[in-house]
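With chain U's structure known, arrange chains G and R on it following the hints.
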Amino acid sequence: MTILNQIINGIQIGSIYALVALGYTMVYGIVKLINFAHGEIIMVGSYFTWYTMSRLGAPAWAAVLGAVVFCAVLGMVIEKVAYKPLRNYARISLLITAIGVSFFLQNAVQLIFKATPRMFQNIFPGSLKLGGMVFSMSAVVTIVVSVILMIGLSLLVKNTKIGKAMRAVSEDKDTAQLMGINVDHTISFTFGLGSGLAAIAAVLYCSSFYQIEPTMGSMLGLKAFVAAVLGGIGSISGAVLGGFVIGIAESLTKGYISSALADAIVFGILIVVLIIKPSGILGRPENEKV
Amino acid sequence: MKQSILRNNKFRYLLNTLAVVLLYLLIIFLTSGGILNRYQSNMFIQIGYNIILAVSLNLSCGFLGQLPLGHAGFMSVGAYASALFSMAVDLPVYIEFPAALLIGGIAAGITGIIIGLPALRLRGDYLAIITLGFGEIIRVVILNLKFTGGAFGLRGIEKHSSISWVFLCTVITIFVIHTLLKSRHGRAVISIREDEIAAEASGISLTYYKTVTFAISAFFAGVAGGLYAHYLCILDPSNFGFMKSVEILVMVVLGGLGSIIGSVVSASVLTVIPELLRSFADYRMVIYSLLLIIVMIFKPSGLFGRYDFSLGPAIDSAFRRIRGLILRKGGAKNK
Amino acid sequence: MTPILDVCNLGIKFGGLQALDDFNVQVANREIVGLIGPNGAGKTTVFNLLTNVYSPSRGTIHLTGKSTKGKSTHEVTQFGIARTFQNIRLFKNVSVLENVMTAFHNAMDYSMFSAILRLPSYRKQEKAARKLALELLDVFDLREMADTLAGSLPYGAQRKLEIARALATNPKVLLLDEPAAGMNPSETSELMMTIKDIRDKFDIAIILIEHDMNLVMGICERILVLNYGLIIAQGKPEEIKNNPIVIEAYLGQQRGE
Chain U
1 MTILNQIING
11 IQIGSIYALV
21 ALGYTMVYGI
31 VKLINFAHGE
41 IIMVGSYFTW
51 YTMSRLGAPA
61 WAAVLGAVVF
71 CAVLGMVIEK
81 VAYKPLRNYA
91 RISLLITAIG
101 VSFFLQNAVQ
111 LIFKATPRMF
121 QNIFPGSLKL
131 GGMVFSMSAV
141 VTIVVSVILM
151 IGLSLLVKNT
161 KIGKAMRAVS
171 EDKDTAQLMG
181 INVDHTISFT
191 FGLGSGLAAI
201 AAVLYCSSFY
211 QIEPTMGSML
221 GLKAFVAAVL
231 GGIGSISGAV
241 LGGFVIGIAE
251 SLTKGYISSA
261 LADAIVFGIL
271 IVVLIIKPSG
281 ILGRPENEKV
Chain G
1 MKQSILRNNK
11 FRYLLNTLAV
21 VLLYLLIIFL
31 TSGGILNRYQ
41 SNMFIQIGYN
51 IILAVSLNLS
61 CGFLGQLPLG
71 HAGFMSVGAY
81 ASALFSMAVD
91 LPVYIEFPAA
101 LLIGGIAAGI
111 TGIIIGLPAL
121 RLRGDYLAII
131 TLGFGEIIRV
141 VILNLKFTGG
151 AFGLRGIEKH
161 SSISWVFLCT
171 VITIFVIHTL
181 LKSRHGRAVI
191 SIREDEIAAE
201 ASGISLTYYK
211 TVTFAISAFF
221 AGVAGGLYAH
231 YLCILDPSNF
241 GFMKSVEILV
251 MVVLGGLGSI
261 IGSVVSASVL
271 TVIPELLRSF
281 ADYRMVIYSL
291 LLIIVMIFKP
301 SGLFGRYDFS
311 LGPAIDSAFR
321 RIRGLILRKG
331 GAKNK
Chain R
1 MTPILDVCNL
11 GIKFGGLQAL
21 DDFNVQVANR
31 EIVGLIGPNG
41 AGKTTVFNLL
51 TNVYSPSRGT
61 IHLTGKSTKG
71 KSTHEVTQFG
81 IARTFQNIRL
91 FKNVSVLENV
101 MTAFHNAMDY
111 SMFSAILRLP
121 SYRKQEKAAR
131 KLALELLDVF
141 DLREMADTLA
151 GSLPYGAQRK
161 LEIARALATN
171 PKVLLLDEPA
181 AGMNPSETSE
191 LMMTIKDIRD
201 KFDIAIILIE
211 HDMNLVMGIC
221 ERILVLNYGL
231 IIAQGKPEEI
241 KNNPIVIEAY
251 LGQQRGE
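Residue numbers (my numbering), protein chains in the order written: chain U, 1 to 290; chain G, 1 to 335; chain R, 1 to 257.
Bound conformation, chain U alone (with noise of 0.2 Å):
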């Protein structure tokens, strides 16, 4: 393997955490909760991807589809439901219910699937040889997908009405209420667009990983969060940028010096940046009025 190959190959999973990260940094953003269940919405994405198309036969396309769809309302069912009531809240009661949901959605689907790890066929086969270099197919669409949905979500946020109304939410939630902007419809929309990309990056997860089992949500999730929050949580082009880097450290980490520290690695960074900017690489300082 070249560097160059680690490369790409730290690329396509750090697409694969920014795409997730992008999900955190939301919901972050808009109701201050590190949403714990957001890697398990991945999990469940990946399951049902996988269940429509090798149990039911289902086309790739819509077994996608089909995915993002039921993730999204999963997203926002969970808000309305378990989020929602406590929004007034200590912010720790808020996290605590986050984490029994993940708790939650991980036994549930080993209920019903079973802890063994299912195999997943190769969504995207084939390659694409491009300058002398041989990339797979997979990487390649995970990339070209990712960087896609990012400038879309950028513009979305920036331009649009409803993005409008979730940075407004994000900044000042009485104040947007007074502006007009439901902030429960933002809100649970923010939920669903998080949820949403969380079940895109779990079909492009499966197309490069083919293995799936319901514990897979946590650490992917937990490792995202950190390229939120290295990135400078709240901010979109701060996840994106986290989650390359995280990609990239850990995939030259693992071919140059030992997969065993990865991991190590990768909070190893987020500690050193954190100490020096304590908001994250593009974050805003926050300061308490005195």
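Take the hints with a grain of salt, since some may be wrong.
Selected chain G positions facing chain U (in silico; Cβ < 7 Å) [as the list claims (entries may be wrong)]:
#, residue
1, 122
2, 275
3, 296
Anything over 10 Å on all C-beta distances counts as not near chain U; from chain G, calculated [to be verified]:
#, residue
4, 39
5, 208
6, 288
7, 290
8, 307
What the hints contain is simulated information worked out from the structure, not anything from laboratory work. A virtual CB, placed ideally from N, CA and C, is assigned to each residue, including glycine.
Frame of chain U, contents of chains G and R only:
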């Protein structure tokens, strides 16, 4: 008159000591009298170290107001340090074991200071993430070291953790944290939770108290780790992952942030519930997680809120209630 | 007579904005100084600089002849400058008595060890602190509510408790940030009496920021007027009242609103 006796300090110490001794005798009676089987008896050991973990986390979480997510990391440092010590030396148990626990606690405490100094500059969720990161790093490091046994785990640890030892350690932990909180040092800690800026303006050093509290919290997590190591007799790094930290945090929040009795009750209940649900093996984690969500939605401040139980006043108010009842009945008769 | 507090050429920049510049003041012991000015003039910034919440871009602060440079906020408090906050900052979930006792922190010196073992040093100091705290609450008519949670006190009482807590740190200079904000006229005049009382009883200098002109004119011996980070006038209350620059600063602002 009753009131003044019960509120008298010396009398209260006596009362509390008596209660602790009675509880101990009860547990010994239950476990060695053949009423509970060996398996059920061992639950008391698990309850004990879980109480220590929960109460010590509550110190930095509920009283200091920080949100650390790496408690299992401190626990693992304590577990490995104490196990390696007791495996290396050969002394009588009553010297070797306390020394091992102390070494476990101190190792964890020092780790707490090393992590706390940079981490405690961050607030809220950022602190949570950075401690989570440190916890994972500790786990990966243990996994990759030679003398910890790596992924195969550390085997051949002597079984020293008896019910009596665990009970003693649990009582000491609760006592130390409780008395510490009822002093100028405890007030300083709580003032930081309430308002950091006002605490500083009242002459309290944030860095000092945050770091020291973090270290004390880590120390007891280390002691609990030592008890855990000498109970299971085998240590596996995968038992000290992020999920273990979350499990402890759940105990604390469910019991009530800032309520020691809450942590004690919820650590006990949450240790027993999964075992009670064992007959529904497949469903037990689903039920557990649903319970967690439901309790949080309906009682966001935890089961006990910030309430702290104190035996003297509790008996006092019980007496008053009974007396009130008798007086009312007497009054009714007279009419 | 040497001033107890000597502030020289104090200035601070936030980004490109000069929030305070050329701030000079000498405060004598037992003096009550008023700091007034339109919103955003930099009054609270002065307090934040005096307590080292911000470190000044330039200038010096001396308390009883010693510089406070490089000290952290809690050290400045131990050194003798105590303050209250514009948006009351009490330890809300802690009793009124414990709020005050928290501020006695540095008046006690028993170790964690003696706290755990309840050694005599712990018992003696705690008992003394408790007694002093209750006496302090008496000054503010708060003794009755010693066991109430600070957060559930009525607004006026919360303001008073904050002053009591600041006094518990045994300051030489007390900084009051809008002590009368949100009080009704009778509460305000009561507060005026209390402020004079504590000056006499505790023998301290007081600097206060206030918008209530009756209070400022009523108890301050000297007034500084800030506008856009600069002192535009200073003097006795009657001088300030008739100073055209001050009137312009206030009226100008009112017209702008």
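Results of checking the hints against the structure:
1. The closest approach between the C-beta of residue 122 (chain G) and any C-beta of chain U is roughly 5 Å, which is under the 7 Å cut-off, so the hint is satisfied.
2. At its closest, the beta carbon of residue 275 (chain G) sits 17 Å from a beta carbon of chain U; the interface hint therefore is violated under the 7 Å criterion.
3. Checking residue 296 (chain G) against chain U by beta carbon gives a least distance of about 4 Å; that is within 7 Å, so the hint holds.
4. Every CB of chain U lies more than 10 Å from the CB of residue 39 (chain G), the least distance being 24 Å, so the non-interface label holds.
5. Distance check on residue 208 (chain G): its Cβ is at least 19 Å (rounded) from any Cβ of chain U, clearing the 10 Å threshold; non-interface status holds.
6. Against the 10 Å criterion, residue 288 (chain G) falls within the reach of chain U, whose nearest CB is about 7 Å from its own CB.
7. With 10 Å as the threshold on Cβ separation, the claim that residue 290 (chain G) sits away from chain U is violated: the shortest Cβ distance comes to roughly 6 Å.
8. With a least beta-carbon separation of about 16 Å from chain U, residue 307 (chain G) lies farther than 10 Å from that chain, consistent with its non-interface assignment.
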